[in-house]
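Undergrad: Residues per chain are reported as follows:
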Amino acid sequence: MSAERPVRSDGGVSMNHPDLSLSFAGIKMKNPLVAASGVFGYGEEYVNVGDITAFGAVTVKGTTLHPRVGNCPPRVCETPSGMLNSIGLENPGAEIVAREKIPWLRNFGVPIIVNISGDTYDEFSALGAIFAGAEGVDALEVNVSCPNVAAGGMAFGIDPRSCYRAARAVSREWSGPLIVKLTPNAPDIVGTARAAVEGGATAISLINTLVGVAIDIKSRRPVLGNVTGGLCGPAIKPVAIRCVYQVSQAVDVPIIGMGGVTCHRDVVEFMMAGANAVAMGSGLLVDPASPSRIVQGLERYCREEGVANPQELVGAAWR
Amino acid sequence: MEIGMSGKAVDERAQVLSIEAGNGRSIRALLSAPQIASMARPMQFVMVRLGNGSDPFLRRPFGLSLINASSGIIGVTWEVVGRGTEMMSNWEPGQEFSVLGPLGNGIGVLSPTADACSEGSKRVTGRYAYADINDDPKDASSKNWNRVSPRGPYLARRGHLFLIAGGTGLAPLLPLAAEARSKGWQVSLFYGARSSESLLDCSGAEALGCDVRLATDDGTAGSRGFVTDLASLSLEGAQKSDLAVACGPAPMLRVVKSLCSRLGVELWVSLEERMACGTGLCKGCAVKKADSEGYYHVCTDGPVFRARDVDLGGETR
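Just so you know, the sequences run in chain order A and B. Oh and the first sequence: position 166 is 166 in the working numbering, straight run, nothing missing. Oh and the second sequence: position 112 is 112 in the working numbering, straight run, nothing missing.
Simulated from the structure, these hints should not be mistaken for lab results. One or more hints might be untrue.
[As the list claims (entries may be wrong)] Derived Cβ-Cβ restraints for the label pairs, each shown as a range:
id, chain 1, residue 1, chain 2, residue 2, range
1, A, Ile217, B, Asn90, 18 to 28 Å
2, A, Gly191, B, Pro249, 45 to 55 Å
3, A, Glu135, B, Glu293, 25 to 35 Å
[Stated by the list, open to error] Okay, the calculated bits of chain B under chain A, using three or more residues with CB under 8 Å as the criterion:
id, stretch
4, 220-232
5, 272-282
6, 291-301
[To be verified] Calculated pairs, DSS-like style, for lysine-lysine (alpha carbon to alpha carbon, straight line, at most 30 Å):
id, chain 1, residue 1, chain 2, residue 2
7, B, Lys240, B, Lys288
8, B, Lys289, B, Lys257
9, B, Lys183, B, Lys257
10, B, Lys288, A, Lys218
11, B, Lys240, B, Lys257
12, B, Lys257, A, Lys218
13, A, Lys218, B, Lys289
14, B, Lys257, B, Lys288
15, B, Lys240, B, Lys289
Where a beta carbon is used, it is the ideal one built from N, C-alpha and C, also for glycine.
Take these sequences, add in the hints, and give me the full structure.
TA: This is the structure we're talking about:
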């Protein structure tokens, strides 16, 4: 841990009042906690059960060029310390998101990351162009890893070359902060991370879900309508920590770490592995009001450990 | 009948007051949850968290078998079908659990003579009045709980209420029966299960003056056969203005739907689907729309749906 981080000029930072803020790929965040894509919708349901303003930034649901109705149910299934899901990118399409969802969400004053998903490089370019022309989008997150849609993102994120091309397709149209969200299903996640950065990514988020299957022993059939689903929750946290640990040391862009975050201790662990910001996914489904408690927990941890800003913790575990 | 959200959801520490085994494999627990009890409408549901750890990970959805606002008590009834319900069967009085609710659209009851449009500020569209939706986010963000925009149709006055239940599907209909009776509605309850062993206790509904008819597959209680056959006789005589609400296994709902559709009786069904959050965040609990491409979500569009709006799958008898 280093104490060399410059103290803000307003002098408001001390060990008793840790400063949780950060500048993430140019986005000003008041704390490092992010709502992950797919568990937050576009915020419209979340306002009924939690406080949007608790987050440092929010990532809206995976958005495609055209509306999608999503996959056949069942779409979710609990597994040990986690769950499988195959929602199938149900969303109203980029135009509606840009025109209606973002302006509404903007009212909360929290930075907005739009997660985009395409079937082709052309679709990724088109999505980049739509959101470049929209107001109120702070960053794009390119989904090269969604395992659920048969023709979807899987292939892009598995292979460094296609990961590069997907990032490039977006970065040609979009000049703002560009996050590429990596899949742990890639044989060489460090290679795909490097390819994403070469393609124009100014930040990396990881990990997306791991592909899994659950079988109903009464019906003798797979539980999910789509057969395979994405595994998330605390069960995948060690995999996520490993990926963040490896990727953050191999690239020079900031990292959003995620996978099984349910408490402030998980946030600290991800930061020590090399994440600058940490996203909450399925934990939010279980305890939607927890983000403000997690941020308070992080603040308390910093106070107790003599940390002026949790950014000091980033990569503390590297060796 | 008034169908729509009551306005709020709260994450409440609920304390187990009592837990008792009912008929067959059924178990009922009474929980002290004053906030939820004061807000919940019949047919709304709650998400119960079974512990503080990560396993089991997800909350479990339950309809409310009892809603008593004045005593602050809610009832949850279940059969052991998996790990979660098995853990719940070991609940002991005094234990506390996080319960999120009330969630989803419930059914509110107006007296048959009341004007549906006299309650609150509503805009009337044809047969239905819709509550105004105030979606100004400025007053929507708060600490632990938030207002849910009141939504959905408020049905105009009706006559006779027919309830059709199968197995544990009876549980969420009991508060509806009680509220309907207290507002002076005529209520007929048709209830079926495999055998007398597996019937939940419905003496409460009987005591309230509901006309209760039972059916069991093996004839050990009530008439032998399906509850749908039992209900069909009475539904034949229903008026166009009468209303039916059904809750139970999908095959039963399909039969009731085709019956009511043939007789022109408006039917609402309470649906179940695998659920992760219960609050609309994950889009997991999808149910196919009847007339158009796409899906509704049981947690936010339901759990009660107008039967003709949803595809119940394999809809032939």
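Undergrad: With reference to the structure, classify each hint as holding or not holding.
TA: Against the structure, the hints:
For Ile217/A paired with Asn90/B, a C-beta distance near 23 Å keeps the hint of 18 to 28 Å intact. Evaluation of the 45 to 55 Å hint for Gly191/A and Pro249/B yields a pass: the beta carbon distance comes to about 51 Å. Taken as a hint, the range 25 to 35 Å holds for the pair Glu135/A and Glu293/B, whose Cβ atoms sit roughly 30 Å apart. Counting residues of the stretch 220-232 of chain B whose CB falls under 8 Å from any CB of chain A gives 0; the rule of at least 3 is not met.
Against chain A, the stretch 272-282 of chain B contributes 9 residues with a C-beta closer than 8 Å to a partner C-beta. That satisfies the three-residue criterion, and the hint holds. Check on the stretch 291-301 of chain B: 4 of its residues sit with their Cβ under 8 Å from a Cβ of chain A, so the three-residue criterion for coverage holds. Straight-line distance between C-alpha atoms of Lys240/B and Lys288/B comes to about 27 Å, which keeps the hinted pair within the 30 Å bound. For a cut-off of 30 Å, the pair hint linking Lys289/B to Lys257/B stands: about 15 Å separates their Cα positions.
This hinted pair checks out: Lys183/B and Lys257/B have alpha carbons roughly 26 Å apart, not beyond 30 Å. The hinted pair formed by Lys288/B and Lys218/A meets the criterion: a straight-line CA distance of about 24 Å does not exceed 30 Å. With a CA separation close to 15 Å, the supplied pair Lys240/B and Lys257/B stays within the 30 Å bound. A threshold of 30 Å between alpha carbons decides the hint, and for Lys257/B with Lys218/A the separation of about 27 Å falls inside it, so the pair holds.
Among the hinted pairs, Lys218/A with Lys289/B is consistent with the structure: their alpha-carbon atoms are about 27 Å apart, no more than 30 Å. Of the pairs offered as hints, the one joining Lys257/B and Lys288/B holds, with about 15 Å between alpha carbons and a cut-off of 30 Å not exceeded. At roughly 24 Å between alpha-carbon atoms, Lys240/B and Lys289/B fall within 30 Å of each other, so this suggested pair holds.
Going down the numbered hints, you'll see the structure goes against just number 4.
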